[in-house]
Amino acid sequence: MKRYLDTSEDLCNISDQFEEIMDSNQKLSRAEAEKFEQLKDLVKENDYNFSTYISHNTLPEGYKKDSERISHYIRFFYV
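All the letters of the sequence shown, read from the start, carry residue numbers 7 to 85 under our numbering.
FYI, nobody ran anything at the bench for these hints, they're computed from the structure.
Predicted, not measured: the structure shown is a model, and the values here were computed from it.
One thing to keep in mind: the hints can contain errors.
[As the list claims (entries may be wrong)] Below are the DSS-like pairs computed for lysine-lysine, each with C-alpha atoms no more than 27 Å apart in a straight line: (1) Lys-33 x Lys-46; (2) Lys-71 x Lys-41; (3) Lys-8 x Lys-46; (4) Lys-71 x Lys-46.
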């Protein structure tokens, strides 16, 4: 779970840089736009992998509910 959260935080921090550019009414260069699309794909892949992990593994008592809640929160908050 820590690895997922750390990766989500890293991806979010990178995403924030692109969003700041767009929020300032500047356009992303072609290379930046491609990197931003790749970043969005990585976010989706990270969420999918975590969701698959918590669905297919036995987690310690009390972790499953919080793991699913965290996964849903991050998926809808950041993407």
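Hints and how they fare:
Between Lys-33 and Lys-46 the CA atoms are separated by roughly 17 Å; this keeps the pair inside 27 Å, and the hint holds. For the hint pairing Lys-71 with Lys-41, the CA-to-CA distance comes to about 34 Å; that exceeds 27 Å, so the pair is violated. Between Lys-8 and Lys-46 the CA atoms are separated by roughly 20 Å; this keeps the pair inside 27 Å, and the hint holds. Proximity of Lys-71 to Lys-46 is assessed by CA-CA distance (about 26 Å); at most 27 Å being required, the pair is judged to hold.
Checked against the numbered hints given earlier, the structure breaks only hint 2 and satisfies all the rest.
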